[in-house]
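Number of protein chains: 2
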Amino acid sequence: METDILIVGAGILGMSSAYYLKKRDPTLKVVLIDKLNGPAQGNSGKSEGAYRNLFTGEANYLLADSTIDWFHNFQEKMGYDIKLSQQGYIWLFSEEQYSRNKISIEVMTKRGAETQLYSGKEIKEYIPDLEIDFTENEESEILGLENIDIGVYGVKCGSLDADALVRAYEAEFLRLGGEIHYNTIATKLLHEPVEPLGIPDEPFVWQESRIAGVNTPKGRILAETTVVATGTWAAELFDPIGYDCFMRPKKRQLFAFKDHRLNRLLKVEGLNESNILPLIILPKAGIYLKGEKTEESIWLGCADELGRKFECEDNPQPEDEYYSNNIYHVLVQYLPCFDNVRPENAWAGQYDINSFDKTPVVEEGPGFIYIGASSGSGIMKCDALARIVEALYNEEEYANLYGNRKFKVSDISIKNRKIEKETLII
Amino acid sequence: METDILIVGAGILGMSSAYYLKKRDPTLKVVLIDKLNGPAQGNSGKSEGAYRNLFTGEANYLLADSTIDWFHNFQEKMGYDIKLSQQGYIWLFSEEQYSRNKISIEVMTKRGAETQLYSGKEIKEYIPDLEIDFTENEESEILGLENIDIGVYGVKCGSLDADALVRAYEAEFLRLGGEIHYNTIATKLLHEPVEPLGIPDEPFVWQESRIAGVNTPKGRILAETTVVATGTWAAELFDPIGYDCFMRPKKRQLFAFKDHRLNRLLKVEGLNESNILPLIILPKAGIYLKGEKTEESIWLGCADELGRKFECEDNPQPEDEYYSNNIYHVLVQYLPCFDNVRPENAWAGQYDINSFDKTPVVEEGPGFIYIGASSGSGIMKCDALARIVEALYNEEEYANLYGNRKFKVSDISIKNRKIEKETLII
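Each protein sequence line maps, in turn, to chains A and B. Going by this note's numbering, the first residue of the first sequence is number 2, and it counts up by one from there. Going by this note's numbering, the first residue of the second sequence is number 2, and it counts up by one from there.
No wet-lab data here; the hints were simulated from the structure. Heads up, a few of these hints could be off.
As the list makes no split between identical chains, a pair holds if one copy fits it or if it spans any two.
[Said to hold, decoys possible] EDC-like cross-link-like pairs, simulated, lysine to aspartate or glutamate; straight-line CA separation at most 16 Å:
1) Lys-416 <-> Glu-306
2) Lys-310 <-> Asp-240
3) Lys-157 <-> Glu-274
4) Lys-422 <-> Asp-412
5) Lys-310 <-> Glu-203
6) Lys-310 <-> Asp-202
7) Lys-36 <-> Glu-180
8) Lys-310 <-> Glu-193
Isolated chain A (complex conformation) (with noise of 0.2 Å):
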């Protein structure tokens, strides 16, 4: 099969890619691929769903933000229910760790982000489920606990349906034409040079050479430019071409639970409008849990940094121990309601960490474009990273992203990158 452009990666960031490839020149011929049989069924559909444009950095904040706006196009004008929510985020920060961070929450706002400061006081009057004050209680002195003295909420932030978000993308390029084939793996690029002699071997080191599309156990498919965007499983392609892909693989499990003893905390009411529990972000381990509206179920994951290996698994699976042995301990103590109580469902996922600056890369290199490293924030930034490859893809200097917002394309690249590191890491 011969194409313009070959998509690689039927997640977040490939599909919508494909939208904006697809949609600024309908003649051109798009084609998407991916290994699984449907969208979002690598690590898209296992995220979490929150977003935030609570971002320190310059770029991550307006990745983010402008994202978010598209979101609400999304749903609200074009009529797709990626089920968004905005419900808030809480980080909740101890006296010192406030103090700490206290520039970051800073900068963050004056790039924008609306943020409301509570007391812990305040906090609890909203959460009653919650303790916040750790002094005296042995326990929590030897799992090192911090009192929750201050909560930023982040206005706009939220949760939706990975899922439905990736749909929504998928629908809008088929219906201007785009080309998807499922079950279809790219098992390796296609590296060849650029005025191929027909001699066995090529391209030698002294040929000029480009990516020109992908095997596949079907055949080879041919293209003037190959979009890879295949997540945690952009070393598979790219080591064997010796090409950076500047991002390690890590698990990340959810939990899930429904319970009547957490009925209270899934309805916080007065913080938003939905009345459901934000996501909110505990002072320790990294743990962070939300309400999820339709489900009426509150979902839980941890930050795990250090400890937690790199690996890109095809079937990533959740610990019960991590739960019950990690977790729950620190867990119990900030929120006693979950005293107890198991989760009913969990999950894992992967996350393309980006370790430098903790922020996406879209780079070009010869007949190629690569789009990944999103560490996590893939779903919440996926609108704008889509029209920076499209930018990209145009030879454009300055991709145009949603409500008119400019980025320069170059700035997120790894050759001339031009990021600020992020940080407030969660």
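Got chain A; can you put chain B on it based on the hints?
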């Protein structure tokens, strides 16, 4: 075993770090281990042993320039015969290439790198075997050869014996009472809680944790600080704990020639004091070669980028066809004296490449220091990097490089990295 400092890796970066750490405080117990049976048995000993201060980045320049000064001290004052030969580098350019790189070259010169410009004709007077004009040459056109219009000669550049260099540091380290255990592989970094509770499966996500040493087949080695200097094998230790070592391994091959047909090429008169072929970099295909004085041979390598896979091998092998099918066709055009000449010897080592800024990394994490990602220039920057390790261990803001030059330690970390990208890459 317990020790104050454990260094993993008896390559150039491990051995030089061991020396400076022990030298700084000889009362500390400093133990170095390596999986192989002697110093420099991994990639260091397979290095080309070329050195240069021709770097455009400020950090790279300072690291290399001060290390070169140290080489002279090592050989001329301390009496180690590291076969130092200041025979120069010549970077060969076409007119067009030169004008594209002119700013980079000016930047280098401004930093202090002493360079001399030669015209193609002047170079041909020194190296009569070199073809410099390929106009109206059909085969050259197919090969896309560039004329040689300009040569940038770097004065403070040359060649040394990498193996002897590592052994020199080893001798000094041992003289100070350092301890080395060869044939001792670190199979695992010990990731442990700072305050162990004695519960299985520690550390938990809520525990502060650190690297407490390594496992070896002969037992655990506990260390206050573990210095990981395993080069291309760094990911094998760091990936399991989820720390990004910021490098990908890539094979590089060297071919050695000893043939009477190359005698005139080998003995270049007047360019340097040794009257030997400097390291010359051809304007095409990343091919470089140098005269090797002690062996009266010519060593040749090729900087293959796209197409050469990332992979870490225990015993990387040179590929016969890589010379004959790949390099040879270009080489014999520039240097017809290679006609039908076959390498007498060939070997392969590996680069630990930081694709982002082609500059090494020295960074600390809890309980450990990582030195690596040397991107093919570990030998020529070793002394400065080891002094940065010493400063980092001693919690100093600035390292004191040889010649009383200061280097801000945090600049070369990943976390607070302040490194200019290298713009002139071989």
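Now the hints, each set against the structure:
1. For a Cα distance limit of 16 Å, the shortest separation of Lys-416 from Glu-306 across copies, 14 Å, qualifies, whereas the shortest one inside one copy, 27 Å, does not.
2. For the homomeric pair Lys-310 and Asp-240, the shortest alpha-carbon distance between copies (6 Å) is at most 16 Å, but the shortest distance inside one copy (19 Å) is not.
3. For a Cα distance limit of 16 Å, the shortest separation of Lys-157 from Glu-274 inside one copy, 12 Å, qualifies, whereas the shortest one across copies, 69 Å, does not.
4. In this assembly of identical chains, Lys-422 and Asp-412 lie within 16 Å of each other by CA distance both inside one copy and across copies; the values are 13 Å within and 14 Å between.
5. For the identical chains of this complex, Lys-310 and Glu-203 are inter-copy neighbours only, at 15 Å across copies versus 37 Å inside a copy, given an alpha-carbon limit of 16 Å.
6. With identical chains, the CA atoms of Lys-310 and Asp-202 are at most 16 Å apart between copies only, with a shortest distance of 15 Å across copies and 37 Å within one.
7. For the homomeric pair Lys-36 and Glu-180, the shortest alpha-carbon distance inside one copy (15 Å) is at most 16 Å, but the shortest distance between copies (52 Å) is not.
8. Taking the shortest Cα distances, Lys-310 and Glu-193 sit within 16 Å of each other only across copies (14 Å), while inside one copy they are farther apart (34 Å).
In this structure, none of the earlier numbered hints is contradicted; all agree with it.
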